[in-house]
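Trainee: In case you want the letters, here they are:
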Amino acid sequence: MDTEEKSNQLELETALNNQTLYWQANLKLLVKLLVVWFAVSFGCGIILVDWLDQFTIAGFKLGFWFAQQGAIYVFVALIFVYARQMKILDRQFDVGDDDSNQEPQS
Amino acid sequence: MSTQVLTYLFVGTSFALYIGIAIWSRAGSTKDFYVAGGGVHPVVNGMATAADWMSAASFISMAGIISFIGRDGSVYLLGWTGGYVLLALLLAPYLRKFGRFTVPDFIGERYYSQAARIVAVVCLIFVSFTYVAGQMRGVGIVFSRFLEVEVNTGVIIGMAVVFMYAVLGGMKGITYTQVAQYCVLIFAYMVPAIFISIMITGNPIPQLGFGAEVTDGSGLSVLQKLDGVLLDLGFSAYTAGSKSTIDVFAITAALMFGTAGLPHVLVRFFTVPKVSDARLSAGYALVFIAILYTTAPAVASFARLNLVDTVHNTAYDEAPEWFGNWENTGLIAWQDKNDDGVMQYGAGAALSPAKPIFDVDGTRGSHGERLLNNKSTESANEVYIDRDIMVLANPEIAGLPGWVIALVAAGGVAAALSTAAGLLLVISSAISHDLLKQTLLPRITEKQELFYARLAAAVAVCIAGLFGIYPPAFVAQVVAFAFGLAAASLFPALLLGIFSKRANKEGAISGMLAGLVFTFAYIAYFKFVAPELNSAEYWLWGISPEGIGAIGMLLNFVIAMTISHLTAKPPATVQALVDNIRIPGGAKAA
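Just so you know, the protein sequences line up as chains A and B, in that order.
Each step along the first sequence adds one to the number in my numbering, with nothing skipped, and position 40 is 1405.
Each step along the second sequence adds one to the number in my numbering, with nothing skipped, and position 47 is 960.
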C-alpha cells in the first residue's frame, strides 16, 4: 500500500514538474516574440521613425515603411512562428491536444 | 448596363447569397448558436474572424483618414494588426482551452464571482453597442450614394438581412456568411487598388506601387511626389508626422490592447476544435486582415494624389461627374470664394463651421453648385471633402468602369454587415447566457435559452438599427473609444486570469472598474464636458483621449495586482483551473 501511494505521489510530482517546465519554456518563448513585436511596431514604427527615415528602401523612407507596411508583415510571421514552436513544445512535454498523443487530464 | 443597375445586381446577389447560407446553416442547439458547434476549421475561422474584424471603419473610413493625415495614420495600421499578436500569444489558446461560450463566462468562473461576470457583461455591452451603431450608419451611407435610396431605408434593409442570418443561424450562420462576406469585401477592395496602382505607377502590386516611381516621367516616387504636391498647397508633408511621439505611442497601445480585449473577436476562437487550432487560426486571421491593411496605405496615397490632380484648379463646369454625385449626398461642397468658377484646393478648413450647411431650398449657384450657408474662412481652400468618401469615390476618381464601382458598394455593405452581425451575437449571448442562464434564470432549459438568445439578438438588431437611423451625435466620436475602454477594462482581467494565479476577485473587479471609470471619465471630460480644453497642453502627459486607454490599462494592472496581494488567495479549485488552461492537452469540446 505504502509503495503504491508513494509511486502515485511520485507520478503526480513528475507531472506537476513537467507542467511547470512546459510553462516556463512557454513564457521564455513569449518574451522573445514579444520583444520582436515591440521592436518593429513601437520601436521602428514610432520611437525611431524619424531617425530611420534618413534611409530609403524601394522608394520608401524606412521608418515610414515600418509603420505602414513592415511591422504588419512581421506580426504575421510572429504568430506562425509561435504556433510552430508551441507545437514542438507540446510534443516535447507531451501535453499537446493532437489525437495521436492525447494525455488524460483531470 | 448602367452603374446603378450593376450596383443593384451586385448588392442584391450578395444579399441572396448571405440569406441562402443562413437558411442552410440554421442553429439547432445553444452550442451551435454560441460557438457554431465548436468544429470550425482554423482557416475558415481565420477568414470569418477577418470579416468580423474589418468593419465599415476599416473598409470605408481607414484609407480615407490615412489619406488626409499621412504618417500619423500609422496608429490605426499598427494598432489594429499588432493586437492580433497579443491575442494569439496571450489569450486565444487559453480561452479556447477553457472551452465555454462567452468572455464574461471566463471572467465569472476564473474570478469565482457573479459580480465579476456582471461587470464584464456591462463592459462588453458598452463596447459592442458603440461599435455596432457605426456599422449601421456605414450601410446607410453606401445605400444612399449608390442605390439612391434614403439612408434610413438603407439601414432598415441592412437590419432585415442581419436579422435573417444572425437570429436564425447564430454563430453558425454568422461564421459561414462571414466567409462569403470576406471574399466579397477583399475582392472589392483589391480590384480598384490594383487598377489604380497600375495607372499611377505601372506596378500591379499596390504594396510595392506606392513606393514606386510615378509614370509621368518626373522620376519621383509616389510618396515623393505626394510630399511635394501637398507642401505646395500648404499642407504638411505626407510622410512626416504631426502628432507627438508619446501620443502616437499611447494611441497605438490603446488600439492594440483594445483589439486583443474585444469580445466579438475573442469569441471567434471558441469555435475551433483544438487549442493548437486557435493559435494557427489567429495567424490565418491576421494574414487575411493584412491583405487589406497593407493595401490601405497604398490606396490612401494614390487617392490623395488623384484627388489633388482632378480637383485643384479645375473649373467647376468641367469637374467630373462623381464630384456632383457626391456633392448631392452632402459629402463634398464647394464655395467659390474668389468668384472665378475654378475650384482651388489647399490647406485649412474651407468653411466655417467646418461641415457644409446646404441651402434648404436647394438653390444652385451660377455654376450649378449647391449653395452653402456657411461663412467662408480666411483660407484660400474652397473645397470641403469628407474623409469617408475616399475609398468609395476612389474608383470614380480614377475613372474605372461601372462594375468596379458596383463591386465597391457591395464590399462596403459586406464589411459593415459582417461586423454588425458578430457584435450582435456577443451582445445576445452575453444576455441570454451570462445574464439569464448563469445569473437570473438558472433553471431554464436549453431550448428556452436558445429562444432567449434569438430574442436578445432580435432586440439588439432593432436597437442597433435605431442608432443607425437616429445617430446620437456622439456615436462617431465614441467608436474609436470602444478600444480604449476594452483595453482598460477587459484585457487586464483576461491576461491576469491566465498568467497570474494570485489574481483574485477583489483585485479583478476593482481593476476593471478603476480602468473603466478612469478612461471613461477622461474621455467624457475632454469630449463632452470641456471640449474647448481638448488640446495637448491640458492633456495628462500629452496623451489625447484616444490614447488614454493605455494609461487606464496600466492603472487596472497596478490596482488589480496590489489589491490581489492584500486580500486572500483564490481558492484551490480556481488555481487548478488556471493550471488546467495553461496546457493544451485534454481540451473539452466547447
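Simulated from the structure, these hints should not be mistaken for lab results.
Backbone N, C-alpha and C fix where the C-beta goes; we use that ideal spot for every residue, glycine too.
Do not take every clue at face value.
Stated by the list, open to error - Per label pair, the in silico range of CB-to-CB distance: (1) A:Asp-1415 <-> B:Cys-1375: 47 to 53 Å; (2) A:Ala-1404 <-> B:Val-1035: 51 to 57 Å; (3) B:Pro-1355 <-> A:Val-1446: 41 to 47 Å.
To be verified - Where chain A lies over chain B, by a calculated footprint (3+ residues, C-beta under 8 Å): (4) 1159-1172; (5) 1248-1259; (6) 1419-1428.
Trainee: With a cut-off of 8 Å between beta carbons, are at least three residues of the region 1419-1428 of chain B near chain A?
Mentor: violated (count 0)
Trainee: Are there three or more residues in the region 1248-1259 of chain B whose C-beta lies closer than 8 Å to some C-beta of chain A?
Mentor: violated (count 0)
Trainee: Holds or violated: the region 1159-1172 of chain B covered by chain A, criterion of 3 or more residues with Cβ-Cβ distance under 8 Å?
Mentor: holds (count 5)
Trainee: I want to verify a distance hint. Is the separation of the beta carbons of Asp-1415 of chain A and Cys-1375 of chain B within 47 to 53 Å?
Mentor: Hint holds: Cβ distance 50 Å, inside 47 to 53 Å.
Trainee: Given the hint of 41 to 47 Å, is the C-beta distance from Pro-1355 of chain B to Val-1446 of chain A inside that range or not?
Mentor: Roughly 44 Å apart at Cβ, these two residues keep to the hinted range, so it holds.
Trainee: With 51 to 57 Å as the target window, see if Ala-1404 of chain A and Val-1035 of chain B comply at their CB atoms.
Mentor: 36 Å, violated
Hints 2, 5 and 6 from the earlier list are contradicted by this structure; the remaining hints agree with it.
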